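Here are the chains, one letter per residue:
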Amino acid sequence: MDGQLLSNTFIELTDTMVADFDIIDFLHVLTSRSVELLNVSAAGLLLADPRGELRVVAASSEAVRLLELFQLQSDEGPCLDCFRSGQPVSAADLSADRRWPQFAAAAGQAGFSAVQALPMRLRDQVIGALNLFRGAAGDFDADSVRVGQALADVATISLLHERSMRRSDTLNEQLQAALNSRVVIEQAKGKLAERLGIDVNQAFTLLRDQARNRNQRLSDLARAFVDGTQAITDPASASPRARRPVSRRPRSGQT
Amino acid sequence: MTYIQRRVRVWGLVAEQASARGGRVSAADVCAAVVPGVQVTGAWLSAARDAQAGHLMQATDEVGRQLADVQLTLGEGPLFDVSAFSGPVLASDLADGESGARWPVFASAASAAGAAAVFAFPLVVGAIRAGVLGLYRDRPGPLSDFQLGDALVFADTATMLLLDAQDRPAGPAAYRAEIDQATGMLTEQLGVSIVDAFVRLRAYAYANDIQLADVARDIVARRLRLFPDPDLPLGDKT
Chain A
1 MDGQLLSNTF
11 IELTDTMVAD
21 FDIIDFLHVL
31 TSRSVELLNV
41 SAAGLLLADP
51 RGELRVVAAS
61 SEAVRLLELF
71 QLQSDEGPCL
81 DCFRSGQPVS
91 AADLSADRRW
101 PQFAAAAGQA
111 GFSAVQALPM
121 RLRDQVIGAL
131 NLFRGAAGDF
141 DADSVRVGQA
151 LADVATISLL
161 HERSMRRSDT
171 LNEQLQAALN
181 SRVVIEQAKG
191 KLAERLGIDV
201 NQAFTLLRDQ
211 ARNRNQRLSD
221 LARAFVDGTQ
231 AITDPASASP
241 RARRPVSRRP
251 RSGQT
Chain B
1 MTYIQRRVRV
11 WGLVAEQASA
21 RGGRVSAADV
31 CAAVVPGVQV
41 TGAWLSAARD
51 AQAGHLMQAT
61 DEVGRQLADV
71 QLTLGEGPLF
81 DVSAFSGPVL
91 ASDLADGESG
101 ARWPVFASAA
111 SAAGAAAVFA
121 FPLVVGAIRA
131 GVLGLYRDRP
141 GPLSDFQLGD
151 ALVFADTATM
161 LLLDAQDRPA
171 GPAAYRAEID
181 QATGMLTEQL
191 GVSIVDAFVR
201 LRAYAYANDI
211 QLADVARDIV
221 ARRLRLFPDP
231 DLPLGDKT
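Sequence lines, in order, name chains A and B.
Our numbering numbers the first residue of the first sequence as 1 and each following residue consecutively.
Our numbering numbers the first residue of the second sequence as 1 and each following residue consecutively.
Simulated from the structure, these hints should not be mistaken for laboratory data.
No false leads were slipped in.
Using C-beta positions, here's what the derived DEER-type ranges look like:
no., chain 1, residue 1, chain 2, residue 2, range
1, B, F146, A, L122, 17 to 23 Å
2, B, P104, A, L122, 27 to 33 Å
3, A, D15, B, E16, 51 to 57 Å
4, A, F10, B, A84, 29 to 35 Å
5, A, N201, B, T73, 45 to 51 Å
6, B, F146, A, E12, 36 to 42 Å
7, B, F227, A, A137, 43 to 49 Å
8, B, L72, A, Q109, 50 to 56 Å
If the Cβ cut is set under 7 Å, some of the chain B residues that face chain A in the computed set are:
no., residue
9, L148
10, A177
11, I194
Note that the structure is predicted; figures quoted are calculated from it, not measured.
Beta carbons are placed, not taken as given, at the ideal position from N, Cα and C, and that holds for glycine.
The task is simple: from the sequences and hints, build the whole structure.
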């Protein structure tokens, strides 16, 4: 493992938490860094919703198929087992694993052979899991698992950071707000994708870049964009080649 | 308990309430059913289609009515916090220092009205705000994890009913990002607000007897476009 990259990552993450930060944006950065640091193909964070399911809050890539693969684990998969047991769960070769037939098939289709789930623990409670996927089969080495667990712990701390932890209810308040922020961002991705004729993955990147440029929280910009109180400009209008042409119905035809 | 089991159970309690009343299921039935459902003393429901904290729609008792009133009068309390924060506000003991610091006036006014604990749930779907479901207890104490899970599903049900969206307990199952993305896309396709896009998406799935998740997937994949319905008013287009 690259020691310099490791320390830089933890400095970056803790630096972010000092300022007024956006939890979804933060967790997105955390999953992206997990991919770089741990030499995995994809990473995702799932949180336990008290309604009774695991929900994806952030992933290293916003590809719809990947998000679905994480979400599938609300029914079966290493994340669900990890959440229930509070212990790390791994599968070095999914093609030979019998524990989660549906999940293993979907993971295989998406090009993943090995998976690791690490618990997000708070005192005696498990609040979610960090999920790592690798394209090639094989064990996750002890070093990666240790650093991966540290990243999962940072994710836990970040959820508690914004408000006081003296009240036991705070975590649930934070969790629900985070889940709703995630929904706002999905709505904004859809609106932006349709407006600019791009895919939802590109829309997320654009949304996040614009939030950074404006020094605004990602979920605040997403909400303002969906409400129609803030516009998002098309950077491709400056370089038209970057934009995929999509025929659009004239708006005047809609009344 | 899984999400689906919870939804079926909560919907059953709400439907029972409606049939005892002899009417169609409405958000007011959620307000009545949630009280025994999560073992609180009373509940109120405030509706809001815009970002403002809204007017009182329903209260199960006089204390609930007063709690809603006093917050609107003071401009302070969980009703406003949930609107700003988009997460629930769970104050299991209004007499503790934390609640006093959070709401200097409301905390004592609520105690005087007879409430010892207040739990407020925003009725939201992302950027869509339909209102607030408020619960209170005459004794302090937190909602258990089980009760919290149920209360959230009661709140989801009230949200759907307030938005007049087609919703069935066997309908949308686990969370799917595509449903939210498709809703966002429809605001552009139909030139309507996010609320109207939300309702149209569900109405389309219901009318065509297709799973909501499948309709959403087709919209996101651009295999399906919806067009403005000439028979329906076009929401808040200006």
